[in-house]
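K.L.:
So the sequence shown is numbered by our numbering: it starts at 187 and just counts up by one.
Check before you lean on any hint, since a few could be wrong.
Label pairs and their in silico Cβ distance ranges [stated by the list, open to error]:
id	residue 1	residue 2	range
1	Asp199	Leu219	26 to 34 Å
2	Phe236	Leu209	17 to 25 Å
3	Pro263	Lys231	38 to 46 Å
4	Pro263	Ala204	14 to 22 Å
5	Gly229	Ser262	43 to 51 Å
Hints listed in this document are in silico derivations from the structure and should not be mistaken for laboratory results.
The beta carbon of each residue, even a glycine, is placed where N, CA and C say it ideally should be.
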Amino acid sequence: MADTPEDSNEQKDGPTLADGVRLIVLGWSATLLTISYLGIFPGMKMDSTFVASLLTGAMAGFGIERKSGNVSKKDSPKIPTNEK
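Kindly generate the complete structure, drawing on both the sequences and the hints.
P.N.:
Given below as structure tokens:
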């Protein structure tokens, strides 16, 4: 019996291996950033921007994004004219 297109494109509803890896990276990077900012290990040197980018990427993979609050857009600057 030949496979129908519906059988070959079937997706699982539960968590996948990719979700597990993203969750591990999310926890690992959040832990490292917390340790870095609290200064628990003063001799530990690391590039926190790299770890922060991993954290941001893992969060984006789960659909978590940063909200910019109640910041209103600034108006464009007014250019004075020389009209008489």
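K.L.:
Each hint needs a verdict: does it hold in this structure or not?
P.N.:
Now for the hints, and whether the structure bears them out:
no.	hint	verdict
1	Asp199 with Leu219: 26 to 34 Å	32 Å, holds
2	Phe236 with Leu209: 17 to 25 Å	19 Å, holds
3	Pro263 with Lys231: 38 to 46 Å	42 Å, holds
4	Pro263 with Ala204: 14 to 22 Å	46 Å, violated
5	Gly229 with Ser262: 43 to 51 Å	49 Å, holds
Checked against the numbered hints given earlier, the structure breaks only hint 4 and satisfies all the rest.
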